Amino acid sequence: MSHSSDTKDDHAADEHPLDFAKTVRTYLKVGAVLILFTFITIAVAYMPIFDFGNKALNIGFGLLIATFKVSLVCLIFMHLNHERGLIYKTLLFTIVFAAAMMFLMVLAINSPIRGGLWQLFGQ
Amino acid sequence: MEIPYTVKSRPDTGLYNAKVGIWLFLASEVMLFGGLFSAYVFLRIGADFEWPFHDLHVLPGFINTMVLIASSVTVVAAWAALKARRYGWYKINMTITLLAAVVFMCLKSYEYYHKFTHYSITLTDGTIIEGHVVHADEHTNGDEIAFGGVKQITLNLATSNTKFLPELRQHEGDAHYRPSTAAVSGKAWNSFLTREKAMDVTITADWLGGVKSARGKVATAQRKLATVQSEIAGYEAKSKPVPAGLAEKAASLKAEFDKVAAENPLAADASLTIDLPAPLQFMFADSRVANHISAGPENYAKKQQDGTLLIKLKDGTTMVGTEVKDNIHFHVDRIDVRKSKDAEKALIWNYTERTPELQALKLKEAFLKNREARIAHFKDKYAESHPERAQNADQDEDCRREAYRLSFAEHAEDLPISEVNLKDMDESKFAMTADQAALLVNKAHTHGVTPYTIEVPRSEKRFFSNFSPALNPFYAIYFLMTGLHGLHVIGGALVLGWFLFTGRKMYETDPEHLANRVEVGGLFWHFVDLVWIFLFPLYYLM
Numbered sequence: 001m002s003h004s005s006d007t008k009d010d011h012a013a014d015e016h017p018l019d020f021a022k023t024v025r026t027y028l029k030v031g032a033v034l035i036l037f038t039f040i041t042i043a044v045a046y047m048p049i050f051d052f053g054n055k056a057l058n059i060g061f062g063l064l065i066a067t068f069k070v071s072l073v074c075l076i077f078m079h080l081n082h083e084r085g086l087i088y089k090t091l092l093f094t095i096v097f098a099a100a101m102m103f104l105m106v107l108a109i110n111s112p113i114r115g116g117l118w119q120l121f122g123q
Numbered sequence: 001m002e003i004p005y006t007v008k009s010r011p012d013t014g015l016y017n018a019k020v021g022i023w024l025f026l027a028s029e030v031m032l033f034g035g036l037f038s039a040y041v042f043l044r045i046g047a048d049f050e051w052p053f054h055d056l057h058v059l060p061g062f063i064n065t066m067v068l069i070a071s072s073v074t075v076v077a078a079w080a081a082l083k084a085r086r087y088g089w090y091k092i093n094m095t096i097t098l099l100a101a102v103v104f105m106c107l108k109s110y111e112y113y114h115k116f117t118h119y120s121i122t123l124t125d126g127t128i129i130e131g132h133v134v135h136a137d138e139h140t141n142g143d144e145i146a147f148g149g150v151k152q153i154t155l156n157l158a159t160s161n162t163k164f165l166p167e168l169r170q171h172e173g174d175a176h177y178r179p180s181t182a183a184v185s186g187k188a189w190n191s192f193l194t195r196e197k198a199m200d201v202t203i204t205a206d207w208l209g210g211v212k213s214a215r216g217k218v219a220t221a222q223r224k225l226a227t228v229q230s231e232i233a234g235y236e237a238k239s240k241p242v243p244a245g246l247a248e249k250a251a252s253l254k255a256e257f258d259k260v261a262a263e264n265p266l267a268a269d270a271s272l273t274i275d276l277p278a279p280l281q282f283m284f285a286d287s288r289v290a291n292h293i294s295a296g297p298e299n300y301a302k303k304q305q306d307g308t309l310l311i312k313l314k315d316g317t318t319m320v321g322t323e324v325k326d327n328i329h330f331h332v333d334r335i336d337v338r339k340s341k342d343a344e345k346a347l348i349w350n351y352t353e354r355t356p357e358l359q360a361l362k363l364k365e366a367f368l369k370n371r372e373a374r375i376a377h378f379k380d381k382y383a384e385s386h387p388e389r390a391q392n393a394d395q396d397e398d399c400r401r402e403a404y405r406l407s408f409a410e411h412a413e414d415l416p417i418s419e420v421n422l423k424d425m426d427e428s429k430f431a432m433t434a435d436q437a438a439l440l441v442n443k444a445h446t447h448g449v450t451p452y453t454i455e456v457p458r459s460e461k462r463f464f465s466n467f468s469p470a471l472n473p474f475y476a477i478y479f480l481m482t483g484l485h486g487l488h489v490i491g492g493a494l495v496l497g498w499f500l501f502t503g504r505k506m507y508e509t510d511p512e513h514l515a516n517r518v519e520v521g522g523l524f525w526h527f528v529d530l531v532w533i534f535l536f537p538l539y540y541l542m
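Those protein sequence lines, which keep their order, are chains A and B.
Residue numbering for the first sequence follows the working numbering, starting at 1 and increasing by one per position.
Residue numbering for the second sequence follows the working numbering, starting at 1 and increasing by one per position.
Think of the hints as simulated: they come from the structure by calculation, not from any bench.
It is possible that part of the hints are untrue.
[As the list claims (entries may be wrong)] DSS-like, lysine-lysine: derived pairs with alpha carbons at most 27 Å apart: (1) B:Lys91 / A:Lys29; (2) A:Lys22 / B:Lys8; (3) B:Lys379 / A:Lys55; (4) B:Lys91 / A:Lys22; (5) B:Lys8 / A:Lys89.
Values in this document were obtained by computation on a predicted structure and should not be read as measured data.
Whenever a hint applies, use it, and build me the whole structure from the sequences.
Written as structure tokens, this is what we have:
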């Protein structure tokens, strides 16, 4: 496992034995936060106090929470908070290409089909 | 051969090889699911129908989210246990992870099962009714076309197949007649006397295959003969002598043709009509019957001059019978009249009026009452925050969904019967006893389904499908993405299960290697989790 270390040794974990109880406590806390935010996502979808009168806001809010949850999984469970440079470089490419693919949606803004992307925002 | 850098890091990357591999794989997976999410957005913004909103039951999706989050914690805890050299904790955590995968797939299967057995009918006026098809029995034909009193079948020998054989459902006077072992008039049920040739044939797939093959042979012999005969005719037209060899060839081919034709008496015929020793009843899926799209009962079974009915299957087989039942028997659980021109005159009310029990419940009145109440509710709701929406509440998308699309359970709350007035019901006035009404209300509340059957004339059906990918693009992309995600869950569980059940030996010889393997499997498992984190709100909540 590549725990953060200045030296590129092979067995970082062996030299810094993992504190099992402490590590698992961290994971449990993250799991609890993920569950809490799952409840919030449902609340945003169903509870009247989160009714902004605009569905797009609810969708945006829901996706924001999902993005936050995904970030937690990536950073803590997948250890992206302390990884080697090669993995970040690989993911940078992925993000660029994925973003380019999502950018295709912008082309639909003026689509003649049922008002294009704007209808998602209730306009 | 030893695989390099399974434990030690490569000097240039600083990582063991499997980790580089899994991240490259996950990068490609991001693009795969990214493309599908992008497709989802395009389908949603381009939808020419009301995009289903809050259509899926949240509870199974919610439990699955919890289960996957829990499994993400346990799989990373399993890895941590290996790093800390605590094999017992590794086994416990990995076992929980696998159990979570099983629970996830069981719930997913439960959801799929209920979708596949749930149906939607779009009527010709745009009304959509959702519910369950009644199982076919001796009284109802479910969603099949029942064609009875069949005494004559005509096979098109070039195109017919034998699919109609298993579609035989009952023999008149014997409701549970099955073709496999029973007999009609002392003969095997599919052994018939042909009309033209007065010969006995037993219709099986092999027999029909043999006839088609013989037809091929006869046609080939006939074509060869025709070619030579045409050549001879050419000579004769030009008043030239026909070469001796050619005349001999023609004679030989003629003899060959006669021989083949004699050996295969049915081969020269285009069709074969058989008379049944006793009238039979068949049940066909409407996709099997020709002209089913153009609707109208007369297109399923044309009335002939002698009063009998003729039905034509898509393979060219025709049957002559005396009765046809092509209503779809349906238990309704939801009515959606948003696309009807006039909700109060929607076709669905005709069907409920024809069912005495439902007529007594005054479903239409309950619906109208509900509709007005809900529109008023939305007017109040928007009054302060969105005055414009309040003014046009009856046209507001959310309001229309709530007011014009009601489940039967919701109707039941406002039905003109209650626990109190059930006892006061005038049973002679209503076509239902108090007990029946109580049963209806109870069923509607507990299952959301009316226990009474409505009959939808097939001619008034525009589209009919279960809640499968065929229903609309929402369900197409829903099944595609959740199905693909489910396959990832199965794949991940198999790999993690392999590590759990075969890992002991490796743990004893090289625990760091096993830890690395579990880390790689765990990274994949986390990816499966994070895909679901997006899928859940997108399909269940938004």
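We went through each hint and held it up to the structure:
1. For the hint linking B:Lys91 to A:Lys29, the alpha-carbon distance of about 21 Å falls within 27 Å, and the restraint holds.
2. For the hint linking A:Lys22 to B:Lys8, the alpha-carbon distance of about 26 Å falls within 27 Å, and the restraint holds.
3. This hinted pair checks out: B:Lys379 and A:Lys55 have alpha carbons roughly 17 Å apart, not beyond 27 Å.
4. With a C-alpha separation of about 19 Å, the suggested pairing of B:Lys91 with A:Lys22 holds against the 27 Å cut-off.
5. Distance restraint check for B:Lys8 and A:Lys89: the Cα-Cα separation of roughly 21 Å lies within the 27 Å cut-off, and the hinted pair is therefore satisfied.
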